[in-house]
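Novice: Heads up: the sequence lines are chains A and Y, in that order. Each residue of the first sequence is one higher than the one before, starting from 1 at the first, in this note's numbering. Each residue of the second sequence is one higher than the one before, starting from 1 at the first, in this note's numbering.
Don't take every hint at face value.
[As the list claims (entries may be wrong)] Here are the computed lysine to any residue pairs in the SDA-like style, where the Cα-Cα straight-line distance is at most 20 Å: (1) A/Lys262 <-> Y/Thr145; (2) A/Lys262 <-> Y/Gly122; (3) A/Lys318 <-> Y/Asn124; (4) A/Lys270 <-> Y/Thr169; (5) A/Lys262 <-> Y/Asp268; (6) A/Lys262 <-> Y/Tyr218; (7) A/Lys229 <-> Y/Phe144; (8) A/Lys262 <-> Y/Tyr125; (9) A/Lys270 <-> A/Leu304; (10) A/Lys244 <-> Y/Ile127; (11) A/Lys265 <-> Y/Ala140; (12) A/Lys265 <-> Y/Lys134; (13) A/Lys243 <-> Y/Glu138; (14) A/Lys244 <-> Y/Phe227; (15) A/Lys243 <-> Y/Asp268; (16) A/Lys244 <-> Y/Leu5; (17) Y/Lys134 <-> A/Leu269; (18) A/Lys262 <-> Y/Thr3; (19) A/Lys265 <-> Y/Phe227; (20) A/Lys76 <-> Y/Val149; (21) Y/Lys134 <-> A/Thr61; (22) A/Lys116 <-> A/Glu49; (23) A/Lys270 <-> Y/Asn124; (24) A/Lys262 <-> Y/Arg194; (25) A/Lys389 <-> A/Ala291.
[As the list claims (entries may be wrong)] Partial pick of chain A residues on the chain Y-facing surface, computed with a CB cut under 10 Å: (26) Met60; (27) Ala65; (28) His66; (29) Gln161; (30) Lys164; (31) Lys234; (32) Lys239.
[Unchecked claim] Reference listing, derived: stretches of chain Y covered by chain A, where coverage requires no fewer than 3 residues with Cβ under 8 Å from a Cβ of chain A: (33) 4-13; (34) 62-76; (35) 120-128; (36) 178-187; (37) 217-229.
To be clear, the hints were calculated from the coordinates, so they are not data collected in a lab. All C-beta atoms, glycine included, are put in the ideal place defined by N, C-alpha and C.
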Amino acid sequence: MQFARFPGITLALVAAIAMIGCGKKEEPKPQAAAPAPAAAPAAPAPKPEVTVKLGHVAPMTGPQAHLGKDNENGAKLAVEELNAQGIEIGGAKVKFELMGEDDQADPKQGTIVAQKLVDAKVNGVIGHLNSGTTIPASKLYSDAGIPQISGSATNPKYTLQGFKTAFRVMANDVQQGKVLGEFATKQGVKTVAVIDDRTAYGQGLADEFQKAATAAGLKVVANEYTNDKATDFKAILTKIKSKKPDMVFYGGMDAQGGPLAKQMKELGLKAKFLGGDGVCTPEFMKLGGPATEGHYCSLPGVPLEKLAKGPAFQEKFKAKFNADIQLYAPYVYDAVMVMADAMKRANSVDSAKFLPEVGKTAYDGVTAKIEFDEKGDLKGGAISIYQYKEGKLSYVETLGGGGVTEAVKDAAQATGEAAKAVAGAAADAAKDATKAAAGAVKEAAEATKAAVEKK
Amino acid sequence: MDTFLQQIINGLVQGAIYALVALGYTMVYGIMGLINFAHGEVVMLGTLIAITSITFLIKAGIAVPLAALIGISLSVLACMALGWSLERIAYRPLRHAPRLTPLITAIGMSIVLQNLAMMIWGRNYMIFPPLIEKTQFEVAGASFTNVQVIIVTVAALAMGGLLWLVYRTRLGMAMRATAQNPAVAGLMGVNANRVIASAFVIGSALGAVAGVMVGSYYEIAHYQMGFMLGLKAFTAAVLGGIGNLAGAMAGGVLLGLIEALGAGYIGDLTGGFLGSHYQDIFAFIVLIFVLMFRPSGLFGEKTGDRA
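Based on the sequences and whatever the hints tell you, model everything.
Specialist: And the structure:
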């Protein structure tokens, strides 16, 4: 046995030496090549390249896997665009690399993959998708000093823990619950039944809704619970039916919300259905079928169609993945862009160095003009209400507490104009740069030819 | 009263599905003492195969009832083949291994099948095509649909058929003999391999039927739907006395009723102290009590240690 082991080790050693040898051999090449184009001073010297590892965490398996995939697609799109831009930070060409992890929407698994990312020394983390996994994981990132931007964790607790590393690019559930409560009152509803899925997101949103609804004078006639893996809601809906509420509020995700709306209809429960961002998806309507017609849901932010960069983003996404945006993809896309933007401004990819810049973000994203408050929450987050109509989400109104609504609309317009201007400028700049680069390449090629001929 | 009746209906339908799946667990356990944890995945594959084939046939212009018939038969046949190959590939080579080994293999097969389904059908939820026009009935304030009636009827027929097979046919006699003592049954000329394989095939066929029922009841399907369903059905089988056919049926229906009534009334009974999120816990508490006072389940016979 001892003998048998030796050849293996020897082989490995030989391979290692060979690799070192190769490395050494390759090194002088650029130096040897460098004097050749001396005749053409415009030739680009080879730049050092740094790889920036961005962790991305979402449930890639389990009942919410479709949303996880959607998030990852958003992040992938952003990373590919960044790499295509060929950004330079701190004098080095930056290559972004996405490390996708699966937390199964499970808080326990969330901390396990978070530790994995910390050990892998990622430069930043995008995610997680669920509040329930984001909150426990944020402690690990905070301890390691890794900036974290979630595109979808809306539970207020996430940014209330006092972590300097925790940010989100979406309005939180306090804002959303409040708007939903106000909206329910405006619908002339008197009594409401509240169901939640006992996750940090579902429960948090339901609690905030209930607070706002009670404050507005609504009567909560039933509190029922389910879980984020359930398919049968008939038992709790039967109980709710006996209390005859005017409205059923659901705090949870689309995979349960859709069948829940369907089973409401089957049981002859004629209450209105209202839910948060988790059910504001095409998937909800697919799963609920005609039973979703006329019901309402809310989404943080302003509808994509109404935003300057929204329709373009939709097209890009569709062309790239041949799939419709489910829910949070544009937010995750923005989260990646905000992270890269902070690195550019800090002129460093070192977490400790660019972290302070994340807080100072003022970035025109797809979903909003992104600025953070001192907690890491999105400033002035508006909430839009939608109605399910003929298999489509039709926009009803944007609420955001008083003047914010108008301000957001103005801001959206301003953003649109600014974006156009920026795009124009960028296009011109890009053209010039391309020309210059093309010229340089030509010169370099000629120089090389000359060098070869000399030899 | 109408609420109570409605909860009974909810529980009965859910219970009929549990019972049909539980039979697959109990048949295999009764004959070879193995808990086939991959059975839930067989049910899931039954649903997904039915969805794919029925949707395809309807799109090809075949009338819905015919498409449903072909699709369901296809899914049943595919699941029978799957059950047979599971036994042949994963369990037969381990027939004489320690008991823990096939159990771990079963869990492994469950994970393999789940991931296979994820790779084939993707992560998104799938819609089960409506096979019949849904009509709603209302009796004494409780509403139910014809789909629910069909589910309970089909489940009852399938269970009746299984009882006939086990107690009135030669194959059934061979099964019962193998369950009692495989060695002696072998000496009497019973081909144990064939009996065990047929238990897997029949159990999987019932699983496919249950899968189609689950699919048409909730109208959605997902590659992970088999896991929780399998766990619940396994609980039902233990509740009734695992290895006992009548026990699995009773256990399934009972579990469905406990869940519905538990979710419906636990909040009021405890004055809001426990809510409907204790629905699953309620079912498991009942299971623990049954096992404490009747370790072999409600209908289970005392079994001696099998060497």
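Novice: Each of the hints needs a verdict: does it hold here or not?
Specialist: Do the hints match the structure? See the list:
Distance hint between A/Lys262 and Y/Thr145 is fulfilled; the C-alpha atoms sit about 13 Å from each other, no more than 20 Å. Proposed proximity of A/Lys262 and Y/Gly122 is contradicted: the alpha carbons are some 23 Å apart, above 20 Å. A C-alpha spacing of about 17 Å is found between A/Lys318 and Y/Asn124, which places the hinted pair at or below 20 Å, so the restraint holds. For a cut-off of 20 Å, the pair hint linking A/Lys270 to Y/Thr169 is broken: about 51 Å separates their Cα positions.
Our distance criterion of 20 Å between C-alpha atoms is broken by A/Lys262 and Y/Asp268, whose separation comes to about 26 Å. Among the hinted pairs, A/Lys262 with Y/Tyr218 is consistent with the structure: their alpha-carbon atoms are about 9 Å apart, no more than 20 Å. Taking the CA atoms of A/Lys229 and Y/Phe144, the gap is near 24 Å; set against the 20 Å cutoff, the hint is violated. Between A/Lys262 and Y/Tyr125 the CA atoms are separated by roughly 15 Å; this keeps the pair inside 20 Å, and the hint holds.
Among the hinted pairs, A/Lys270 with A/Leu304 is inconsistent with the structure: their alpha-carbon atoms are about 31 Å apart, more than 20 Å. For the hint pairing A/Lys244 with Y/Ile127, the CA-to-CA distance comes to about 30 Å; that exceeds 20 Å, so the pair is violated. A threshold of 20 Å between alpha carbons decides the hint, and for A/Lys265 with Y/Ala140 the separation of about 18 Å falls inside it, so the pair holds. Restraint check for A/Lys265 and Y/Lys134: the C-alpha separation of about 12 Å stays at or below 20 Å, so the hint holds.
Taken as a hint, the A/Lys243 and Y/Glu138 pair is honoured in the structure, with Cα atoms around 18 Å apart against an allowance of 20 Å. A distance of roughly 34 Å separates the Cα atoms of A/Lys244 and Y/Phe227; the hinted pair therefore is violated under the 20 Å criterion. The hinted pair formed by A/Lys243 and Y/Asp268 meets the criterion: a straight-line CA distance of about 12 Å does not exceed 20 Å. The hinted pair formed by A/Lys244 and Y/Leu5 meets the criterion: a straight-line CA distance of about 17 Å does not exceed 20 Å.
This hinted pair checks out: Y/Lys134 and A/Leu269 have alpha carbons roughly 17 Å apart, not beyond 20 Å. Distance check on the hinted pair: A/Lys262 and Y/Thr3 sit about 19 Å apart at the alpha-carbon level, within 20 Å; holds. Restraint check for A/Lys265 and Y/Phe227: not satisfied, since their Cα atoms lie roughly 27 Å apart, outside the 20 Å limit. Taking the CA atoms of A/Lys76 and Y/Val149, the gap is near 48 Å; set against the 20 Å cutoff, the hint is violated.
The suggested pairing of Y/Lys134 with A/Thr61 is violated, with an alpha-carbon distance near 32 Å, which exceeds 20 Å. Proposed proximity of A/Lys116 and A/Glu49 is contradicted: the alpha carbons are some 24 Å apart, above 20 Å. Distance restraint check for A/Lys270 and Y/Asn124: the Cα-Cα separation of roughly 29 Å exceeds the 20 Å cut-off, and the hinted pair is therefore not satisfied. For the proposed pair A/Lys262 and Y/Arg194, the alpha carbon gap of about 45 Å is over 20 Å, so the pair is violated.
For the hint linking A/Lys389 to A/Ala291, the alpha-carbon distance of about 11 Å falls within 20 Å, and the restraint holds. With a least beta-carbon distance of about 7 Å to chain Y, the hint placing A/Met60 at the interface is held under the 10 Å criterion. With a cut of 10 Å, the hint placing A/Ala65 at the interface with chain Y holds, because the nearest CB-to-CB distance is about 3 Å. Below 10 Å, beta-carbon pairs count as interface contacts, and A/His66 has one with chain Y at about 5 Å; its hint therefore holds.
At a threshold of 10 Å, the smallest CB-CB gap from A/Gln161 to chain Y is about 25 Å, leaving the interface hint violated. Interface hint status for A/Lys164: violated, as the beta-carbon distance to the closest one in chain Y is roughly 35 Å, over 10 Å. Look at A/Lys234: its Cβ gets to within about 4 Å of chain Y, closer than 10 Å, so that hint holds up. At a threshold of 10 Å, the smallest CB-CB gap from A/Lys239 to chain Y is about 5 Å, leaving the interface hint in force.
For the stretch 4-13 of chain Y, the proposed coverage by chain A is satisfied: 4 residues have a C-beta within less than 8 Å of a C-beta in that chain, meeting the threshold of three. Chain A is given as covering the stretch 62-76 of chain Y, and this is violated because 0 residues of the stretch bring a CB closer than 8 Å to a CB of that chain, at least three being needed. Coverage of the stretch 120-128 of chain Y by chain A holds in this model, with 4 residues showing a Cβ closer than 8 Å to a Cβ of that chain against a need of three. With 0 residues having a beta carbon nearer than 8 Å to a beta carbon of chain A, the stretch 178-187 of chain Y misses the requirement of three or more and the stated coverage is violated.
Only when three residues or more bring their CB closer than 8 Å to a CB of chain A does the claim for the stretch 217-229 of chain Y stand; here the count is 7, and the claim holds.
Hints 2, 4, 5, 7, 9, 10, 14, 19, 20, 21, 22, 23, 24, 29, 30, 34 and 36 from the list above are not met by this structure, while the remaining hints are.
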